[in-house]
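Undergrad: Once you have looked at the hints, place chain A on chain X.
The lines below spell out each chain.
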Amino acid sequence: MPLIKDGRIVEDEWVAVADGEPVPADRPAIVTFERWQAERASFDGRNAALGVRVKSGTLAPVIAPDLDRFALVAIEFPKFRDGRGFSTARELRERYGYSGEIRAVGHVIPDQYRFLLRTGFTSAEAPETTNPESWARALTEITVAFQPSLDDPQPLSLLRRRLGS
Amino acid sequence: MNHIAPGRNAGVYSYDDIDRRFVAERVEQFRAQVERRLSGELTEEEFKPLRLMNGLYLQLHAYMLRIAVPYGVLTSRQLRKLAEIGRKYDKGYGHFTTRQNLQFNWIKLEDTPAILHELAEVDMHALQTSGNCVRNVTTDQFVGAARDEVVDGRVYAEILRQWTTLHPEFTFLPRKFKIAIMGSDADRAAIRVHDVGVFAKRNERGEVGFTFYVGGGLGRSPFVGKLVRDWVPEEDFVAYLEAILRVYNQYGRRDNLYKARIKILVHELGQEKFTQEVEEEFARLRGPKYRLAPEVVDEIRRRFGGPAFETLTDEPESFQAAKAANPDFARWVAVNVLAHKVPGYAAATISLKPAGGIPGDATSEQMDLVADLADAHSFGELRVSHAQNLVLAHVRQDALFTLWTALEANGLGTPNAGLIGDIIACPGLDYCALANARSIPLAQAISARFADPARQQTIGELGIKISGCINACGHHHVGAIGILGVDKKGEEFYQITVGGDPTLTTAIGDILGPAVTADETVDAIEAIVEVYLSNRHDGERFIDTLKRVGHGPFKERVYAAH
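Chains X and A are the protein sequences, given in the same order.
Residues in the first sequence are numbered from 4 upward in steps of one, following our numbering.
Residues in the second sequence are numbered from 2 upward in steps of one, following our numbering.
Chain A on its own, in the form it takes in the complex:
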């Protein structure tokens, strides 16, 4: 076996000279584009999509640079570089996003070529994190580690990263295009709210194939992705996507920004007609030119290397003893730690959602610490989850206590992964030019109200998602409790939805009643939780109780005082 960097940074795609040359050329290209803008050769209208395709947004107060973390996987070295950039060019922190990327919110335009150059030193870039192109492909944050995994989605996500990079035909699409891929039966990547959601699976002969859902999305018109094909063989993976994108590029609406996503095309054509168009295009495209050869897949898989796992057993004695002796540790394990496919290992979620904190923010010091912990305990590799947390995916169970102790000492040991405090929130009116209302202060107030870890654990799985406007970057439509910021005569109000579900049983939440103020929202959430706790049957999740008892009791309690 030809291992690449065995043991260190295992599980991260390793760049070669060609990959590096490409990124370096893109940096130089952008530098020249900035110069041409400054000289007036490019108009602002012409420059805008070019800077967006390099991750550079103009926000409310400053430029924001969104750095690509392909499918959310990072090396410790890369995270240290992000920490350094945060210190040098921003205010000493960064913000992890729901697309598993990292944003710096206080960047100067003139610094960006230098930042991109520094990123290139660690094989990173900001390519296609914005603009009307295919964006960073997202996947399961437990890829390569989860016990229920059937196919390693990283390999196919990397194939997509390459195939979509500067795609000559699909770089000026009607609108942005987001792809997510899952390699297990569980859905941890919100597959059916993406433009294209892919399930990688195996048939009875062990061959890899893909199920395609198309036309999901949130925003002002939420849609659940439609099944377009149940089985696309591995060799046709790229050809099938090419067919979908070609249909979209030709027939997607360009007359109205708000109707330009593929979900509207699928909706207007209907699932059957859209599928027929794609199938016809696919039938023509299929052939040697677009065939994904098994050798290519093997070569890309090889470039990921593989962690050198030791032969261990589950639940070693020291781990059991630590849990017995320390209830706080035991709670963190119960909430934030997931079973690993290799015995004796575990995947640990590092919550970036402390009570009263800003969801997804991490200081440069915290990034450095996590990088050190990744080196010590997880082969120098870590992940960003779409819930805006970090994950160390390959930790020995007998090292979890040491890991937790270090996290706890630095404010990173919050035991709330998947619980009510694990709030997803968009940047909102504090940063974003599109927002109607602030998201962050509300998230802080809610997580402070539910700060008690024991209470959070009692409440159990309950996702709150907050968007500061109808564009739904905080995914409020699929929050078990969703909160949407609206503007009422210049004042911030919040509309509450319940019953959303981002997993395979995808559901868009229903509006509970009239919008309320920020303070009232926090009380309303508490009221909803109380109704749930007093009605739930043993082991019943919030959304299941809601389904059983209906909206009535919740609505009644929330609006009782009105």
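Pulled out of the complex, with its shape left as it was, chain X reads as follows:
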């Protein structure tokens, strides 16, 4: 599936590994958080980067104790209307100081791209049929924001202001 970063489709260096499939030792791999919990010892001594895919109901405090093992956290949106992931990402960044990649996977739409970036996501997986122009436009169509955010950490004392352009 196309990966969106900085408003355009980019090459995905990560491989998503289904439960039960072997995890490649020599390239960045994403496993389910459940697999990580069940087989964590098997990842000891791994050199290549490891990422986990968490379900929308798996909230930040559950992931937090192992965060330093993950170079990427992929947060699942079972439906784009399920907005828990926005809080999970924000908590990972603000509460647990996570600085790795946070990726939105599952069902997200370009109309949410700004929100994703503002709550701490760095990339998003889009469906095969996605229109790249809509993702690019989502970065520029609204230039005003009223809240502090992760991609623009100004304090609230500037309640109304322009987004950095």
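Take the hints with a grain of salt, since some may be wrong.
[What the hints assert, rightly or not] Simulated pairs of lysine-lysine, BS3-like, Cα-Cα distance not exceeding 25 Å:
1. X:82 - A:179
2. A:260 - A:274
3. X:58 - X:82
4. A:89 - A:179
5. A:260 - X:82
6. A:274 - A:342
7. A:342 - X:82
8. A:260 - A:342
9. A:177 - X:58
10. A:324 - A:342
11. A:177 - X:82
12. A:260 - A:177
13. A:49 - A:179
14. A:274 - A:227
15. A:227 - A:202
16. A:202 - A:342
17. X:82 - X:8
18. A:260 - X:58
[Unchecked claim] Quick look at which bits of chain A chain X covers, simulated, 3 or more residues with Cβ under 8 Å:
19. 45 to 52
20. 239 to 252
In case anyone wonders, no lab produced these hints; they're calculated from the structure.
Idealized CB from N, CA, C, for every residue including glycine.
TA: Same frame as chain X, now just chain A:
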């Protein structure tokens, strides 16, 4: 002092270039979303929440566009624009809602981008009037005018409007989220039946702080909001709300539409555990990033300007003489006019509830007239009340007679604010796809039955609220008399509740007995009123008599014939 537009439209937050640019960008964004839907790039499922967040519903017969009136405050210019849109794109009228907004019920999808563009010309929009986001914040319709006001709630409601607008974290909540704020001890905003209800107050040092009630709501499971914190300092106002919403966004139920409101979360966790979660989140959030600096509050307050009140005295002679000479005017003053914090002024309620009329409806001609009257008598500013009436908040007492004469001549002088004819009703089965029964014809029949103003005044304070289904948009749970439309084998029936109270002493009404037909409902209301009048002690309100004598006598009379 740097006044903004002194004298004209005073008391309305004035937009600057950034606010305008934002609204214009949102209009363009929606236009593109409509195009992407038409091209098939967005599925209907994906488009739906996007159009809802632009106020566009698909109702029973047509699209409905719900236009935001932030905390119910409008300029005369904005009201004229609404009148114009009503004429141009609807059937020449609009409907004011219990969330202080305005709905047009007969809109074409293809007209909406143009309507939004026209609204933007007068700094208006339809943002977040629907969808699972934080909705238009509501407040006291007498804000900035009431004699009992402690804190001007508009300033904080505007801060919330800004903070909630396209909030990146809280735009896809489990369910809709409604906030109300009051700035006086009296509750004219139904604080404890909101997802979050806030009382703004002052401590002994004069500093502003807030009491938070969370988890109130009506619908199929009514709950009274729980006290979560008695004092949140002004600088933590936004941080505290952020904490509440973050707890809700993470832990609110998403498995069942009917259990997704925050009231269910508060109920299931319990008040103590919920409060603890919020307090922990708040402790982490508190800090410079979310601090509401006093300079920001001052700047937003400054943007409201302030009406240039003159130095006058209460009860001028001409006003007294007019009351003495004209009993109808005197009755309207007694019922529809409220004391103002500034001597010589008054706040006048313009009833949109004429006998036999549709509650909350106003024609484009009436809107134009009210806009003219607002210019002439109330600094070009007016309000929409959650009881679906209009208010001119700053009228000179010596101009009230002129105002009333103009209202009376145009069917807007009904003296029934807060009385039995001042019925709140949802749109019901005449418009709404969710309804089980019609609300409007019943409201019309009841208000026609009690048309006599003298009789209404004798009965006194008695709120009737009608919902056409269990979703309770007509707030029937908190009506002194509540009426709920139900469907019995394809026929419309109505269940009557008594003893509801939307004020700080919040109470959910009790069901009086089996549901009855529409005709029987009107007779039942009359029977209830008769029992009340024959039992009441001097000065006793309906709900107080009910408390004292119990349901028995009412039930007996209503169901005597059955």
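Undergrad: Of the hints stated earlier, which fail here?
TA: 4, 6, 7, 8
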